[in-house]
Each structure stands twice: as C-alpha cells, then as structure tokens.
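So the protein sequences, as listed, match chains A and B. Residue 13 is where the first sequence starts when you use our numbering, and the numbers rise one by one after that. Residue 13 is where the second sequence starts when you use our numbering, and the numbers rise one by one after that.
Check the hints yourself; a few may be wrong.
No distinction is drawn between identical chains; accordingly, a pair holds when it is met within one copy or between any pair of copies.
Mimicking SDA-like on lysine to any residue, the simulated pairs with C-alpha atoms at most 20 Å apart in a straight line are [what the hints assert, rightly or not]: (1) K94 <-> W38; (2) K100 <-> A24; (3) K100 <-> I71; (4) K94 <-> S47; (5) K94 <-> V66; (6) K100 <-> L84; (7) K100 <-> Y23; (8) K100 <-> R42; (9) K100 <-> G22; (10) K100 <-> P75; (11) K100 <-> S16; (12) K94 <-> T21; (13) K94 <-> I18; (14) K94 <-> L51; (15) K94 <-> V59; (16) K100 <-> M13; (17) K94 <-> L84; (18) K100 <-> S88; (19) K94 <-> S106; (20) K100 <-> V78; (21) K100 <-> A55; (22) K94 <-> A37.
No lab work stands behind these hints: they were computed from the structure. Source: prediction; values computed, not measured.
Below are the chains, spelled out letter by letter.
2 protein chains.
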Amino acid sequence: MSNSLIEITGYAAAFSTTAAFIPQAWLSWRTRDLSGISLPMYALFTVGVALWLVYGIAIACIPVIVANAITLMLSSVVLSLKWLQIRKARAETSG
Amino acid sequence: MSNSLIEITGYAAAFSTTAAFIPQAWLSWRTRDLSGISLPMYALFTVGVALWLVYGIAIACIPVIVANAITLMLSSVVLSLKWLQIRKARAETSG
Chain A
13 MSNSLIEITG YAAAFSTTAA FIPQAWLSWR TRDLSGISLP MYALFTVGVA
63 LWLVYGIAIA CIPVIVANAI TLMLSSVVLS LKWLQIRKAR AETSG
Chain B
13 MSNSLIEITG YAAAFSTTAA FIPQAWLSWR TRDLSGISLP MYALFTVGVA
63 LWLVYGIAIA CIPVIVANAI TLMLSSVVLS LKWLQIRKAR AETSG
C-alpha cells in the first residue's frame with residue numbers, strides 16, 4: 013500500500029469508529045431503551061477513550077485528540093443514560 | 013509525560029476500548045435484547061474496526077492488529093445478533 017493510501021485508510025477508520033457513536037447516542041437519547049446496553053462496556057469504553065485522549069495530548073496528535081474528544085462525549089451520553097436507567101429501576105424496586 | 017508513561021497510557025487505552033466489547037457481546041448473546049442497540053452504529057463501527065485492522069497490517073503494527081482483530085470479532089457478534097433480531101421482527105410483522 014502507498015503511504016497516502018495508508019493515511020486515507022487511517023482517517024476513514026478514525027471517522028467510522030467515531031461517527032458510529034452518533035446513531036447509538038441518538039437512539040438511546042430518543043428511546044431511553046437501555047436494557048440491552050451493557051454498563052460495563054460503556055464504563056470501560058469511556059475510560060479507554062479518555063486514556064486515548066490523554067495519549068493524543070501527550071504525543072500532540074490532533075487527529076487522535078479530535079476523534080477521541082468526540083467519541084468521549086458521545087459514549088458519556090450513553091453511559092449517563094444507562095446509569096440513570098439503572099438508578100430509576102433500583103428506585104422502583106425499593107420503592 | 014515520560015515516553016514509557018505515554019506508552020503505558022496507549023496500551024491501557026487499547027486494552028480498555030477492546031475489552032469493553034466483551035461484556036456487550038456477552039449481554040447481547042445471553043439476553044438477545046437488541047432493541048436498544050443501534051444497527052447503524054454497529055455497521056459503521058465494524059467497518060471502521062476492519063479499516064483499523066487493514067491500517068495495522070499496512071504499517072505492520074502488532075498492537076493495532078491484535079486489538080482490532082479482537083474488537084472486529086466482538087462487534088461482529090453484536091452486529092449479527094442485531095441483524096437477526098431485525099430480520100425476525102420483519103418476518104413476524106409480514107407473517
């Protein structure tokens with residue numbers, strides 16, 4: 013593969029894995045249907061993306077910073093909604 | 013940040029964002045509760061991870077290859093289950 017093709021592949025990969033979280037965050041926000049969403053997944057993923065952001069800042073790599081800042085925002089939305097759903101379910105059970 | 017701390021941060025980030033998909037794939041497999049899972053998310057994410065894998069092979073970077081090969085397998089499980097759920101729902105509606 014030529015260097016420019018490798019670079020395009022990297023950018024397409026970063027765009028896809030970042031943009032992917034837009035429809036998920038929107039679906040979760042709109043429907044509040046979080047029962048099939050895994051809390052450990054979004055907890056671990058959000059921590060991981062935050063670490064990627066720190067890594068990007070440490071190596072001063074703008075694409076890594078931008079992609080992970082956006083993903084961090086979107087995965088935090090899903091994580092927060094999941095956490096609210098669990099809290100609500102617990103309140104209903106105990107109440 | 014020292015170089016070794018930056019490297020550890022990168023590995024911890026890669027480990028977290030990869031391992032995160034284990035509880036999600038397991039939850040989806042066990043419960044078949046896919047209604048809150050976004051099909052466009054998993055379609056786009058799986059394509060993105062496949063592109064990261066191609067990128068990793070092109071730059072001959074073992075950590076990128078390993079992390080994305082595992083994530084590709086796990087996200088494909090969730091994508092397949094979501095696709096089956098939609099196909100089943102359509103068959104029930106039309107039948």
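Structure-based check of each hint:
no. : hint         : verdict
1   : K94 <-> W38  : both (13 Å within a copy, 17 Å between copies)
2   : K100 <-> A24 : neither (39 Å within a copy, 32 Å between copies)
3   : K100 <-> I71 : neither (41 Å within a copy, 47 Å between copies)
4   : K94 <-> S47  : both (8 Å within a copy, 14 Å between copies)
5   : K94 <-> V66  : neither (25 Å within a copy, 33 Å between copies)
6   : K100 <-> L84 : neither (24 Å within a copy, 33 Å between copies)
7   : K100 <-> Y23 : neither (40 Å within a copy, 35 Å between copies)
8   : K100 <-> R42 : within (17 Å within a copy, 23 Å between copies)
9   : K100 <-> G22 : neither (41 Å within a copy, 35 Å between copies)
10  : K100 <-> P75 : neither (38 Å within a copy, 40 Å between copies)
11  : K100 <-> S16 : neither (50 Å within a copy, 43 Å between copies)
12  : K94 <-> T21  : neither (33 Å within a copy, 26 Å between copies)
13  : K94 <-> I18  : neither (37 Å within a copy, 31 Å between copies)
14  : K94 <-> L51  : both (7 Å within a copy, 18 Å between copies)
15  : K94 <-> V59  : within (15 Å within a copy, 25 Å between copies)
16  : K100 <-> M13 : neither (52 Å within a copy, 41 Å between copies)
17  : K94 <-> L84  : within (15 Å within a copy, 24 Å between copies)
18  : K100 <-> S88 : within (18 Å within a copy, 31 Å between copies)
19  : K94 <-> S106 : within (18 Å within a copy, 32 Å between copies)
20  : K100 <-> V78 : neither (33 Å within a copy, 38 Å between copies)
21  : K100 <-> A55 : within (18 Å within a copy, 30 Å between copies)
22  : K94 <-> A37  : both (11 Å within a copy, 16 Å between copies)
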